[in-house]
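Visitor: I would like the entire structure built from these sequences, with the hints used as guidance.
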Amino acid sequence: MLVIFDLDGVLVKASWNKLFEAYKNLIAADGKDWKDFFIDISEFKKFWSPDWNENNKKLRLKNVDVCHQIFYETYDGIDAGLFSWAPKIISQISKKHQLAICTNRHGEKAKILIKPISKYFSCVIGGENVKRLKPNPEGICMILDILKIKTKDVLMIGDMPADIIAGRAAGIKTGVVKWGLGDWDELMTYSPDYAFKKHEHLLKI
1 MLVIFDLDGV LVKASWNKLF EAYKNLIAAD GKDWKDFFID ISEFKKFWSP
51 DWNENNKKLR LKNVDVCHQI FYETYDGIDA GLFSWAPKII SQISKKHQLA
101 ICTNRHGEKA KILIKPISKY FSCVIGGENV KRLKPNPEGI CMILDILKIK
151 TKDVLMIGDM PADIIAGRAA GIKTGVVKWG LGDWDELMTY SPDYAFKKHE
201 HLLKI
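For the sequence shown, the residue numbers in the working numbering are 1 to 205.
Hints in this document: simulated from the structure, not taken from any laboratory.
A portion of the hints provided could be inaccurate.
[Unchecked claim] Quick list of in silico lysine-lysine cross-link-like pairs, DSBU-like style, CA-CA up to 35 Å: (1) Lys24 - Lys95; (2) Lys95 - Lys198; (3) Lys95 - Lys57; (4) Lys178 - Lys119; (5) Lys13 - Lys62; (6) Lys45 - Lys131; (7) Lys88 - Lys119; (8) Lys46 - Lys131; (9) Lys119 - Lys152; (10) Lys150 - Lys131; (11) Lys96 - Lys197; (12) Lys35 - Lys88; (13) Lys131 - Lys109; (14) Lys111 - Lys150; (15) Lys96 - Lys62; (16) Lys148 - Lys24; (17) Lys150 - Lys35; (18) Lys45 - Lys35; (19) Lys45 - Lys115; (20) Lys111 - Lys95; (21) Lys35 - Lys96; (22) Lys57 - Lys45; (23) Lys131 - Lys88; (24) Lys95 - Lys150; (25) Lys62 - Lys131; (26) Lys131 - Lys173; (27) Lys13 - Lys32; (28) Lys178 - Lys197; (29) Lys88 - Lys45; (30) Lys88 - Lys58; (31) Lys115 - Lys96; (32) Lys178 - Lys198; (33) Lys62 - Lys152; (34) Lys204 - Lys148; (35) Lys88 - Lys197; (36) Lys119 - Lys13; (37) Lys152 - Lys88; (38) Lys13 - Lys148; (39) Lys204 - Lys119; (40) Lys111 - Lys24.
Since the model is a prediction, treat every value here as computed from it, not as a measurement.
Guide: Below, the structure is given as structure tokens:
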């Protein structure tokens, strides 16, 4: 089986507080007041989309490249990196399955974060590699095309509804993790094929 992982919130540490701070800095770097878009973290959660193209449209960014650089400097500078368990778990899973990553974050940034476990992944597709980000299935379909694997032998694992929607649209199985950014009860309403409450449960794949 091919197992495609999302990155942030699944293998890499993520939090709403980190996102909130990073977006405040991003907006300030573009010469705007973040309170013109949301007043607190609760409103930010409603504002934010996993598709950063949608966020760019809402923010009407003048210098996207600079703003993204500011975003990653903040976001990846706050307790960033792989979960401590990731190297061991991924190493074990790779003995049974082929692995890939489909993330909406920039692929080059993703490769830096996964460097300690990069040898286990056959393909890494990031935001700059596709025209349409998740929940669009383009990135997943690109991985299937590159690796020449049929949809019946593939599982997408993520932490947000966008991951389930993208996987289902690509015609593959889906799984969600409880330790990411997504609301667990909401994720369950999408009826994923697999639900992982603890990282050890990934070994049951």
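Visitor: Hint by hint, say whether it matches the structure.
Guide: Status of the hints after comparison with the structure:
A C-alpha spacing of about 42 Å is found between Lys24 and Lys95, which places the hinted pair above 35 Å, so the restraint is violated. Pair hint Lys95 plus Lys198 holds up; C-alpha atoms about 20 Å apart against a cutoff of 35 Å. A threshold of 35 Å between alpha carbons decides the hint, and for Lys95 with Lys57 the separation of about 42 Å lies outside it, so the pair is violated. About 26 Å separates the Cα atoms of Lys178 and Lys119, which keeps this hinted pair within 35 Å; it holds.
For a cut-off of 35 Å, the pair hint linking Lys13 to Lys62 stands: about 29 Å separates their Cα positions. With a C-alpha separation of about 24 Å, the suggested pair Lys45 and Lys131 falls inside the 35 Å cut-off, and the hint holds. Only pairs whose Cα atoms come within 35 Å are accepted, and Lys88 paired with Lys119 is accepted, the gap being roughly 13 Å. Proposed proximity of Lys46 and Lys131 is supported: the alpha carbons are some 24 Å apart, at most 35 Å.
At roughly 25 Å between alpha-carbon atoms, Lys119 and Lys152 fall within 35 Å of each other, so this suggested pair holds. In summary, the hint linking Lys150 to Lys131 is supported, as the alpha carbons are separated by about 22 Å, within the 35 Å threshold. With a C-alpha separation of about 21 Å, the suggested pairing of Lys96 with Lys197 holds against the 35 Å cut-off. The hinted pair formed by Lys35 and Lys88 fails the criterion: a straight-line CA distance of about 42 Å is larger than 35 Å.
Restraint check: the Cα-Cα separation between Lys131 and Lys109 comes to about 18 Å, which is no more than 35 Å; the hinted pair holds. Restraint check for Lys111 and Lys150: the C-alpha separation of about 25 Å stays at or below 35 Å, so the hint holds. A distance of roughly 46 Å separates the Cα atoms of Lys96 and Lys62; the hinted pair therefore is violated under the 35 Å criterion. For the suggested pair Lys148 and Lys24, the alpha carbons sit about 41 Å apart, so the restraint of at most 35 Å is broken.
Restraint check: the Cα-Cα separation between Lys150 and Lys35 comes to about 46 Å, which exceeds 35 Å; the hinted pair is violated. In summary, the hint linking Lys45 to Lys35 is supported, as the alpha carbons are separated by about 14 Å, within the 35 Å threshold. For the given pair, Lys45 sits about 30 Å from Lys115 by alpha-carbon distance, which is consistent with the 35 Å threshold. This hinted pair checks out: Lys111 and Lys95 have alpha carbons roughly 21 Å apart, not beyond 35 Å.
Restraint check for Lys35 and Lys96: not satisfied, since their Cα atoms lie roughly 48 Å apart, outside the 35 Å limit. Between Lys57 and Lys45 the CA atoms are separated by roughly 16 Å; this keeps the pair inside 35 Å, and the hint holds. Proposed proximity of Lys131 and Lys88 is supported: the alpha carbons are some 33 Å apart, at most 35 Å. At roughly 20 Å between alpha-carbon atoms, Lys95 and Lys150 fall within 35 Å of each other, so this suggested pair holds.
The suggested pairing of Lys62 with Lys131 holds, with an alpha-carbon distance near 20 Å, which does not exceed 35 Å. Using a Cα cut-off of 35 Å, the hinted pair Lys131 and Lys173 holds, with the two alpha carbons roughly 23 Å apart. As the CA atoms of Lys13 and Lys32 are separated by approximately 28 Å, the hinted pair is consistent with the 35 Å bound. Only pairs whose Cα atoms come within 35 Å are accepted, and Lys178 paired with Lys197 is accepted, the gap being roughly 5 Å.
For a cut-off of 35 Å, the pair hint linking Lys88 to Lys45 stands: about 32 Å separates their Cα positions. Distance hint between Lys88 and Lys58 is unfulfilled; the C-alpha atoms sit about 40 Å from each other, more than 35 Å. Annotation: proposed proximity of Lys115 to Lys96 holds, straight-line Cα distance about 21 Å (limit 35 Å). Taking the CA atoms of Lys178 and Lys198, the gap is near 7 Å; set against the 35 Å cutoff, the hint holds.
For the hint linking Lys62 to Lys152, the alpha-carbon distance of about 43 Å lies beyond 35 Å, and the restraint is violated. Taking the CA atoms of Lys204 and Lys148, the gap is about 25 Å. The hint holds against a cut of 35 Å. Of the supplied pair hints, the one linking Lys88 and Lys197 holds, its CA atoms being roughly 18 Å apart against a limit of 35 Å. For the proposed pair Lys119 and Lys13, the alpha carbon gap of about 20 Å is at most 35 Å, so the pair holds.
Taken as a hint, the Lys152 and Lys88 pair is honoured in the structure, with Cα atoms around 27 Å apart against an allowance of 35 Å. Pair hint Lys13 plus Lys148 holds up; C-alpha atoms about 30 Å apart against a cutoff of 35 Å. Simply put, Lys204 and Lys119 have alpha-carbon atoms about 21 Å apart, close enough for the 35 Å limit, and the pair holds. Of the supplied pair hints, the one linking Lys111 and Lys24 holds, its CA atoms being roughly 25 Å apart against a limit of 35 Å.
This entry does not satisfy hints 1, 3, 12, 15, 16, 17, 21, 30, 33, going by the numbered hints stated previously.
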